Amino acid sequence: MLDRLIGFLSSGENLVFFVFSLVAICGAIFMISLTRVVHMVMALALTFLSLGGIYITLGAEFVGWVQVLIYAGAITILMIFGIMMTRHRGEAETEPQRPWHNGLLLVGAIVLFGILFYVIQNATITPQSAPVDPKDNTLQIGQLLFNQYVIPFEIMSVLLTVAFIGAIVVAKREED
Amino acid sequence: MSITPYLTLAAILFCIGLYGALSKKNAIIVLLSIELMLNAVNLNLIAFAKYGPKPGLAGQIFSLFNITVAAAEVAVGIAILINLYRNRGTTDVTDMDTMKR
Amino acid sequence: MEALRLQLSDLQHLIPELTLIVTALLAALLDLALPRKVSRSFSAWLTLLGIVVAICFTALELNPEEPIQLLAQSYRIDDFASLLKLVILVGTGLVVFMSLGSAARDDIHHVGEYYYLFLPAALGGMIMASSGDLITLYVGLELLSITSYVLVAMKKKSTESNEGAFKYIVLGGISSAIILYGMSFLYGISGSTNLLAINSALAGSIDDVKGLVYLAFFLLLAGFGFKIAAAPFHTWAPDVYQGAPTPVTAFLAVVSKGAGFAILFRVMYWVFGSLTLMGTDLQKDALLSLSVLAAISMIAGNAMALRQHNVKRLLAYSGIANAGYLLVPIATHFSLVHYANYSEFLFYLIAYLFMNIGAFAVLMIVQRSSGNEELRGFAGLYYRARGRPQRPCCSSFRWPASRSRRDFSESCSSSWARCRRNSIGSAR
Amino acid sequence: MANDFTSYAWLVPLFPLLAFLVLIAAGRQLREAGAYISIVAMLASFVLALLIFFERLGHTTDYTWNQLKWLTIGDFQLNMGFEVTNLNALMLVIVTLVSLLVNIYSKGYMHGDERVNVFFSYIQLFSFAMLGLVISVNVLELYIFWELVGVCSFLLVGFWYFKPEARAAAKKAFIVTRVGDVGLFLGMLLLFWYMPGHSLDFSAIHNAFSQGKIDPSIATWIAILVFVGAMGKSGQFPLHTWLPDAMEGPTPISALIHAATMVAAGVYLVARTMDIFQASPDAMLVVAYVGGFTAIFAATIGTAQNDIKRVLAYSTVSQLGYMMMALGLGAATAGIFHLFTHAFFKALLFLGAGSVIHAVHTQDIREMGGLAGKMKITAWTFAIGALALSGIVPLSGFWSKDAILSAAFEHNQLLFWVGLIAAFFTAFYMARLFFLVFAGKPRSDAHAHESPAPFTFPLVVLAVLAVIAGFVFTPFNGWLGHWLGDHAEAETANWTVMILSTLAGLLGIGLGYVMYGKNSVSRDIVAGNAPWLYTLVYRKYYIDELYDVVFVRGLRLIGKAFELFDIYIVDGIVRLCSAAVVGIGRLGLRLQNGQVQTYGLATLLGLLILALALAGRRFFHLG
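Residue numbers (this note's numbering), protein chains in the order written: chain A, 1 to 176; chain W, 177 to 277; chain D, 278 to 705; chain P, 706 to 1328.
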């Protein structure tokens, strides 16, 4: 067991993965277990950051940086902003006592994970070609976005506009 | 390195995100947990983009779209929450039960 | 790589979508530019105009010589898509028409936005109806969903509206994540986001990844089941329907649900049910699962509607039951002889569109006069408003009536027959 | 060949149907007009029937119209329509005539009854059904009208539904005839199965059976099953028990339905499908013996009954037995002829009995007596009817009974003697009836007087017919036989039979006169010397009691078991379903507690359960 773990960790990529995944899981678990909302958000920002790291090791530099910028940056900041807007004191959260709900939820989440784990362990995915490590990841993504994926890209612009207008309209303070 | 550890990590994050979304009482954390679920999906996609049957960039592009959509969703979600807070004075998910049965 | 470029000439097939985008932008800019004193009803008329033009353009695309496909099948304009687009556009148009005049009374503060936001929502539905690619599909779905979240929250001073919108966005977000998770597995199995490529990958070798395929199927089923409000993924519907402004409720019940069915149909038919997979365990299980979902929806929706007093919630439960009925043609076995189940599905959807919008229109009128949404507000309607009560009657009786109409009942019975044959086959 | 009127034969049943619809629609508003509407409608039918009858006098070919497409099952097509043969034409006249007279009579008899229009509407419906039955073109059509006739009988027997006996009698009539109908239905199914081209048309049946295309053993089965149907309707032993009880209905109904027309439908059915019977000698034998036994069996019971209508009812059963016996012996013309004459004199007797009952308000003959002086017309016409029934020269009953007896004499000596003894008993109980009712001194203080014209007019008409109807078919005049197309009929006068039957009749009348007219022989001679025999006959051979023990109690036990099954299993399932629906609704609504996280949890659990249940079974090889 330990031999395999050491063998696993002896590869550089594996070691990076191990560290990042440990941080990501810890961040997620802290989000669940911490009591102050701001702490929870910060813990999850850690998860987002480490995920960005994993993306970069997987050869997706552009997505990795986007992850860091948007999740760790924008979304986390937005969340903290939301906390500021809605809650003035940073007192500790007391989670509601719902034994039935929490019990069933725990069972459900564990069963779901069990199924996922079973299926993932039993699947054998064989690459038909070796993993390519493209030199210019960002350039290629840009080319694809403006050619093959131009329709969803344009729709995305509409979506962002809508979200922009919608968020303003909904959050705006009414004068009356 | 095989793909299984990545998928397993994604599954762990997805389940934690789901648990958080359905158990936490603060509405912001609920939204954040949903983002965690989406992140798990992105990890899945990027791992498949490298170690999948046909390595390519489609997975990465998919995850880019996801990130964008998630950002838009969070923006709208926070906006709704702010408005709700203005009306009800609470961000407690369990307090939101004026409509039932 | 060169072949996958969108040519300028391809844009002619996208004119209906472009019309909506242009109209929405125009309305948004006008809304910004004009002073506050100007009545915002111009926005409604502009929206309606855009929809009508889009309907005309869509109608011109009907019955093409062969289905038009753009960008390697990622965007398809076939008759199924065009007809569904017509349903979506007509439904949206009727909803906008319905809210003319009621918007101000419903204490919606941003009337201009309220109207033109229906356009991107309809656009999302149209994209869903046409897409043959997971990414396009998902983006269209999210465009529709996010716009719907905003629309539900439009009654800003109403706690119920806000609360409904928040519930909608939380559960919608979870379901989006579930759908995406399923899609990511589909991508992982096939290495492609194209529905046809996924299908051929599934037909090729699924034994190694059988678990992943089933996992993806059930995740997608749950996610789409949520979008169409099929039991047991329906729980959001009553609260959201109750909270939303009534025209938006009608929009959710008709357009959003129709678009959800479009995407369900595309994915279930192209990925899990197409001819290449005919007779495999996977296809049988997929159709069986859909049948079970249909049965649960019909039973649960109707049973819960029996004990409901709020009319909007009642209509939500009825929508759940109708999701079950609409699932039947999708869930039935199809064969070489009967390849296009979507004719039955579309027929029912069209009937459902008109009767539901009719019901909601009457609900709005009653709501205005009685001041609440309770069922008892309808009592004595016959005496209070002679001539008017025929309308809810007509629209609610269209349920059985449309089912008994000849061609529909035939197709329904043939669906049933196939359903039964299917279940017998799987029992063997 | 002119078919001017024949082609409009479908109008004959239509008039009563129209009258029925008008009466049902207009209901109480019509008051007295209802009777007139009925009479006019029946008159129209009668006139048309008479015209058809005269038009057909010279013909022997049938008129068939069956273009009304009714059912198409694969290649098989069932057409409806109507058919007029000479037999049908005769039946049309009989039915419309008797029905017309009964309608007239009822106007007087039912006067003052609150539901008189309902009564007339039922009669019209019955007439429609009976006439439709007569002109039916195929067996299925006949069967439909057959059941409709049964329904009308049920309605009319139970017309005075406030009397428990009437209710019981209606139920009994319906159920017992249904037993026979099941037989007819099975026979029809067999016929459908084995007929070439699955045709049910009478003409096709005629062709198929007369050309021997059907296996004789199958023919036997079909014939027996059809006969079971006829037994039920015509009150043949052992399905006769309903007919006497049916006398609880209004007397005009007893005359119309339970004497002249509906009960004759069984005889008509056998005559109509004679080809089937002729294809099977065994079936013929069964028909003959059942008929003969019924004839003597019912006649003996008739001698001991005290209810005026019951005596006539047993007499009807007995006479129907005669007809069946004739048919079984192959003497179809004789059977139909007896049906023809019997319709008149038995209707006459019933209407006369009704007149008497109307006058004295009792049905018990022991409480009557000496009515001859007070009710002259009734007494005379009743006497004519009784004599005709007893077979006294030259009244109609003599000729028809003689035709049957001479057929029996030639083909089956045993049945001849049975018939002769039955004739004796018939004469005896009719004499007993007549002398007890009309002769002697009044035994009650009722102030009887002659009934008004609506009563007496039909009586006179029927009496005339009872006298003369017999001359259409005598040993010296075989017209009816020729016309009905039965060439096998012997026309030579059989003097032995004539003398013997006359003797039997006279002997019976004489004995009746001696016992009940002159009182020179004690009435209790049988009851005193052999009380068991008297009791046996008086209690109708305990048939009802036997049925009660064997069938009714047994069925009631089974019914009880089924009732328990119904209460606890069927109702239980129904209750379970409704409870399940309510439960699902309640459970589903409890889920809607307004908590968004509960909703999400429900979605998650729903997904897991669905996935585990549906995919798990394939994945973990659980089944």
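Since the hints were made in silico from the structure, they are not lab data.
Check the hints yourself; a few may be wrong.
List time: in silico DSBU-like cross-link candidates among lysine-lysine, alpha-carbon distance up to 35 Å [stated by the list, open to error]: (1) K172(A) x K434(D); (2) K276(W) x K201(W); (3) K1265(P) x K1223(P); (4) K230(W) x K487(D); (5) K434(D) x K276(W); (6) K868(P) x K1265(P); (7) K135(A) x K230(W); (8) K1146(P) x K876(P); (9) K876(P) x K1223(P); (10) K561(D) x K201(W); (11) K230(W) x K172(A).
Distance ranges between label pairs, derived from CB positions [as the list claims (entries may be wrong)]: (12) S646(D) x G142(A): 54 to 64 Å; (13) M555(D) x N14(A): 36 to 46 Å; (14) Q97(A) x T436(D): 16 to 26 Å; (15) S286(D) x D136(A): 50 to 60 Å; (16) S646(D) x P99(A): 42 to 52 Å; (17) R584(D) x G142(A): 34 to 44 Å.
Remember, it's a predicted structure, so these values are computed and weren't measured experimentally.
Glycine included, each C-beta is placed from N, C-alpha and C at the ideal position.
Taking the hints in turn, this is what the structure says about them:
1. Straight-line distance between C-alpha atoms of K172(A) and K434(D) comes to about 12 Å, which keeps the hinted pair within the 35 Å bound.
2. Annotation: proposed proximity of K276(W) to K201(W) holds, straight-line Cα distance about 18 Å (limit 35 Å).
3. Only pairs whose Cα atoms come within 35 Å are accepted, and K1265(P) paired with K1223(P) is rejected, the gap being roughly 55 Å.
4. For the hint linking K230(W) to K487(D), the alpha-carbon distance of about 18 Å falls within 35 Å, and the restraint holds.
5. A threshold of 35 Å between alpha carbons decides the hint, and for K434(D) with K276(W) the separation of about 19 Å falls inside it, so the pair holds.
6. Our distance criterion of 35 Å between C-alpha atoms is met by K868(P) and K1265(P), whose separation comes to about 26 Å.
7. Between K135(A) and K230(W) the CA atoms are separated by roughly 18 Å; this keeps the pair inside 35 Å, and the hint holds.
8. Restraint check: the Cα-Cα separation between K1146(P) and K876(P) comes to about 39 Å, which exceeds 35 Å; the hinted pair is violated.
9. With a CA separation close to 42 Å, the supplied pair K876(P) and K1223(P) exceeds the 35 Å bound.
10. For the proposed pair K561(D) and K201(W), the alpha carbon gap of about 41 Å is over 35 Å, so the pair is violated.
11. Straight-line distance between C-alpha atoms of K230(W) and K172(A) comes to about 47 Å, which puts the hinted pair past the 35 Å bound.
12. At about 58 Å, the CB distance of S646(D) to G142(A) agrees with the hint of 54 to 64 Å.
13. Between M555(D) and N14(A), the C-beta spacing of about 43 Å keeps the proposed range 36 to 46 Å intact.
14. For the hinted restraint 16 to 26 Å between Q97(A) and T436(D), the CB-CB distance of approximately 25 Å keeps it satisfied.
15. In this structure, S286(D) and D136(A) break the distance hint of 50 to 60 Å, their C-beta atoms being roughly 30 Å apart.
16. Between S646(D) and P99(A) the beta carbons are some 46 Å apart, a value that agrees with the proposed interval 42 to 52 Å.
17. Under the hint 34 to 44 Å, the C-beta atoms of R584(D) and G142(A), about 56 Å apart, miss the expected range.
Taken one by one, the earlier hints fail for this structure at numbers 3, 8, 9, 10, 11, 15, 17, listed in ascending order.
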